[in-house]
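Protein chains in written order, with this note's numbering: chain A, 2 to 134; chain B, 2 to 134.
Check each hint, because a few of them may be wrong.
Copies of the same chain look alike in the list, so a pair counts if it works inside one copy or between any two.
Straight-line C-alpha distance at most 16 Å; calculated EDC-like pairs for lysine to aspartate or glutamate [to be verified]:
no.	residue 1	residue 2
1	Lys92	Glu115
2	Lys92	Asp31
3	Lys76	Asp31
4	Lys76	Asp50
5	Lys98	Asp129
6	Lys92	Glu79
7	Lys131	Glu94
8	Lys76	Glu124
9	Lys92	Asp5
10	Lys131	Asp7
11	Lys131	Glu8
12	Lys76	Glu94
13	Lys76	Asp28
14	Lys98	Glu69
These are calculated hints, taken from the structure and not from any lab test.
These numbers were taken from a predicted model, which means no experiment stands behind them.
Number of protein chains: 2
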Amino acid sequence: MASDLDETDRFQPRFDSSGLITAIVSDAQDNTVLMVAHMNAEALRLTQDTGVAHFWSRSRSSLWKKGETSGETLKVVEILTDCDQDVLLIKAEPQGKGASCHTGRRSCFYRRVEAGGLVFIDETRLFDPKLVY
Amino acid sequence: MASDLDETDRFQPRFDSSGLITAIVSDAQDNTVLMVAHMNAEALRLTQDTGVAHFWSRSRSSLWKKGETSGETLKVVEILTDCDQDVLLIKAEPQGKGASCHTGRRSCFYRRVEAGGLVFIDETRLFDPKLVY
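Isolated chain A (complex conformation) (with noise of 0.2 Å):
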């Protein structure tokens, strides 16, 4: 079953229809989960030569510094990719105030599925949406 992706050594991430190849953000630190996005190309060119993580907006067809507004920016400390080179894993360290998600959280995954439906785990703000957007 291994292919060729499996186990080069070379880089050849697998942008889909779209050109674009998801991207997960975790804490270099304690590797929570802190977002997922998309990157196209470019983006992961930026992010590479920065060292900031730079997404593709989906919503707004456009380039995104994250934290260009919030100033919650990330700090690459390593990438990662997996067995067939279509996911990277992005190792930050999260600057600012420390909140990766548009809602002033520390993580955009603050809620538990459950059957009854979803509960909050997190509902500390570490900055108030409102004042920032």
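Chain A is fixed; fit chain B onto it per the hints.
Just chain B now, kept in the frame of chain A:
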């Protein structure tokens, strides 16, 4: 900027145009990101009902109980969703030998992206894929 999806306690998973949602699996013990796959509504329902991770295989176009062949199943501890509900984060306890990757490694993210190419950061095979698949 807050939208209904951000602050609701109603679970409204946003499946894409192919009926799929991205599912990240992390180790419930230490948050290490283990793999990324996709779920359709049935895979999500089975995951919730059985407590064992199920996915939709895009390459095989079929429902897939992770570990059915290898024994490397994932016992679900909790499921989180993100602010816009288009990603699931499955916190799991890996069973079997604890190899979530089909290459026999613990995590699919075993290579670091560097300027010159990919550097292997985990060469430990917990099983031999040639003997399993």
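Structure-based check of all given hints:
no. : hint              : result
1   : Lys92 with Glu115 : between (28 Å within a copy, 13 Å between copies)
2   : Lys92 with Asp31  : both (10 Å within a copy, 15 Å between copies)
3   : Lys76 with Asp31  : within (15 Å within a copy, 22 Å between copies)
4   : Lys76 with Asp50  : within (12 Å within a copy, 39 Å between copies)
5   : Lys98 with Asp129 : within (11 Å within a copy, 44 Å between copies)
6   : Lys92 with Glu79  : within (5 Å within a copy, 22 Å between copies)
7   : Lys131 with Glu94 : neither (24 Å within a copy, 38 Å between copies)
8   : Lys76 with Glu124 : neither (24 Å within a copy, 27 Å between copies)
9   : Lys92 with Asp5   : neither (25 Å within a copy, 29 Å between copies)
10  : Lys131 with Asp7  : between (45 Å within a copy, 14 Å between copies)
11  : Lys131 with Glu8  : between (47 Å within a copy, 14 Å between copies)
12  : Lys76 with Glu94  : within (5 Å within a copy, 30 Å between copies)
13  : Lys76 with Asp28  : within (10 Å within a copy, 24 Å between copies)
14  : Lys98 with Glu69  : within (14 Å within a copy, 43 Å between copies)
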